[in-house]
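A.B. asks: For reference, the chains in residue letters:
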Amino acid sequence: MNAAIEVDKVVKRYGGLTALGGVSLRVDCGEFFGLLGPNGAGKTTLISILAGLNYPSSGHARVMGHDVVRDYRDARRVLGVVPQELVFDPFFTVRETLTIQSGYFGLRNNGAWIDEVLHCLDLTDKADVNMRQLSGGMKRRVLIGQALVHKPPVIVLDEPTAGVDVELRQSLWQFIRRLNQDGHTIVLTTHYLEEAEALCGRIAMLKQGEIVADDSTQNLLKRFSGCQIKLKLAAPGLPPSLQPLRVEGDGGDCRLALDGYDGVEGVLAALRNAGVAVLEMEVAQPDLEEVFVKIMSH
Amino acid sequence: MSESSDKLQSTPRIGPLTGFSTLFYKEWLRFWKVNVQTVLAPVLSALLFLLVFGHTLRNTGEPYPGVNYTAFLAPGLAMMSVLQNAFANSSSSLMQSKMTGNIIFVLLPPLSHREFFFAYLLAAVARGLVCGAGVLLCTLWFVDLRWAHPLWVIVFALLGSAVMGVLGIIAGMQSNKVDELAAFQNFIILPLTFLSGVFYSMYSLPPFWQQLSHLNPFFYIVDGFRYGFFGIGDVSPWLAAGIVAVCLLALSLLTQWLIKTGYKLRH
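Protein chains in written order, with the working numbering: chain A, 1 to 298; chain B, 299 to 565.
Simulated from the structure, these hints should not be mistaken for lab results. For clarity, every value in this text was computed on a predicted model and none was experimentally measured. Glycine is no exception: its CB is placed at the ideal position from the N, C-alpha and C atoms. Hints may contain errors.
Taking CB as the label site, the calculated pair distances span [what the hints assert, rightly or not]: (1) B:K475 <-> A:D115: 34 to 44 Å; (2) B:L327 <-> A:Y55: 26 to 36 Å; (3) B:S343 <-> A:Q170: 46 to 56 Å; (4) A:A127 <-> B:W536: 47 to 57 Å; (5) A:R108 <-> B:P504: 55 to 65 Å; (6) A:A127 <-> B:E478: 34 to 44 Å; (7) B:L488 <-> A:D71: 39 to 49 Å; (8) A:D74 <-> B:I452: 33 to 43 Å; (9) A:G163 <-> B:K475: 18 to 28 Å; (10) A:Q218 <-> B:T398: 33 to 43 Å.
Stretch by stretch, here's where chain B covers chain A in the computed footprint (C-beta under 8 Å, at least three residues) [as the list claims (entries may be wrong)]: (11) 50 to 60; (12) 82 to 96; (13) 104 to 116.
Just need the whole structure built from these sequences, with the hints factored in.
C.D. replies: Next comes the structure, spelled out in structure tokens:
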């Protein structure tokens, strides 16, 4: 599989602050890749280096094999970036914005494709409306359109659903999924972990400028999360031997954290020995949020 | 967002210089869409200067033989308009784009530093020339401009607007806030413009100030431009053009290097 993105020992320093401390990662063509991390972890810095907005202090980054510094023209032609900030040029309409952006990438007479992008993003009826008059969600969609006007094979979305309502978020997910199914490599950063879990096939986590996890979403969920069981117990409730496992609730209603499914049998045995009847039991599925918290707290 | 995006798969066609011409076109649109503010207002200001100064100083004698003060003043004001508006175009566009964050749309595409430079420069020259032409057009009916050497008029209009367009790019890159740009404008551009001989002939000054004026490159722009109208100047138009051209070349090389290194644009 060819690499869509290769990041090789990239360091980025701002004066005395090290934003990225030797990050290396690879995203294969066609992947839906998630880049997660708390605020200030270096996600946007890494994306900015890929996009040529920042220069690395050392190390190399390549997009579809093109070095983002030495071969910047080819690297930028194959990359579409949806920025985190809701920025727009207030002088222009939606269509002008897309036409101008298309022209920056060297594309003339790109009207048919721009019409298609407008249609895909449900912006056709707003094509001739000034950017200032659009709602936040519509401006977000125009930003996505601007990232697509030059038909890039690699698309980076930096928190595309931040501040977006549920309906628009769902339709953005659907659209981005479709782009991925059509063969586009997608790199997504988000603070919505359920979004990353639902969309991304592979996830890397950044913490203080270092990659602390890089694996398939399924492996991460298996490797780090264990499981939890929710119990409703008859009196006298949770026996003292199981108290250390309790993460939530008290008395008869509680939630226990286990290292894995094989711990369930031990819990049931302890309850049986204590003479506590189980009224209800539910094994909770592990989620990415739990994995994320565990990794970040290490 | 219901339809397929399969058309993304087809390969786009890339035209030569399209990035440059698009950025120029965008910069042109940016000032033309608000031409009341960017063209009409400066022309009106220049005309008010002409009416007030021309009327109150009309009896101060002829700055050049056979050229009354109002006629002397008109090309100076036209050039002042060219200079100030060329500077304002590139500087305010860049500074505002940096402030609002939409500069990212210019930084993400594969534009070279030369395309970036010449697009902003050409748009600044265009606005400077439109404003200067506006001032001259409005003065035609009450000022006798002789148009002695029209080619020099064009040469100095182009050189002057280009120098200021380049300075505007530097100021726009340097400034992150309105007050930083205002400081550049008020403490560098405005004094140099007002002390360039727009309102007076250099020979009306005491010797010390005459010498000092020779250090002001804007003086050569205004003087050469005025020579194009009246065939009279304080220095030779060839010397003036040479000095301005050297300044333009040096500033252009510096600015292109700054853009190439990403000075205050890319970090």
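A.B. asks: None of the hints should be skipped; say for each whether it holds.
C.D. replies: To see whether the hints hold, each was checked on the structure:
Our hint of 34 to 44 Å for K475 (chain B) and D115 (chain A) holds, since their Cβ atoms are close to 39 Å apart. The supplied range of 26 to 36 Å is met by L327 (chain B) and Y55 (chain A), whose beta-carbon atoms lie about 31 Å from each other. Between S343 (chain B) and Q170 (chain A) the beta carbons are some 54 Å apart, a value that agrees with the proposed interval 46 to 56 Å. Between A127 (chain A) and W536 (chain B), the C-beta spacing of about 53 Å keeps the proposed range 47 to 57 Å intact.
At roughly 59 Å, the beta-carbon separation of R108 (chain A) and P504 (chain B) lies within the given 55 to 65 Å, and the hint holds. In this structure the hint that A127 (chain A) and E478 (chain B) lie 34 to 44 Å apart at CB holds, the actual value being about 37 Å. The beta-carbon spacing between L488 (chain B) and D71 (chain A), approximately 44 Å, falls within the hinted interval of 39 to 49 Å. Under the hint 33 to 43 Å, the C-beta atoms of D74 (chain A) and I452 (chain B), about 40 Å apart, fit the expected range.
For G163 (chain A) paired with K475 (chain B), a C-beta distance near 26 Å keeps the hint of 18 to 28 Å intact. For the pair Q218 (chain A) and T398 (chain B), the beta carbons lie near 42 Å from each other, so the given range of 33 to 43 Å is met. Counting residues of the region 50 to 60 of chain A whose beta carbon lies closer than 8 Å to any beta carbon of chain B gives 5, which reaches the threshold of three, so the coverage claim holds. Look at the region 82 to 96 of chain A against chain B: 9 of its residues bring a Cβ nearer than 8 Å to a Cβ of that chain, three or more, so the hint holds.
Figure legend: the region 104 to 116 of chain A, annotated as covered by chain B; annotation consistent (9 residues with Cβ-Cβ distances under 8 Å, at least 3 required).
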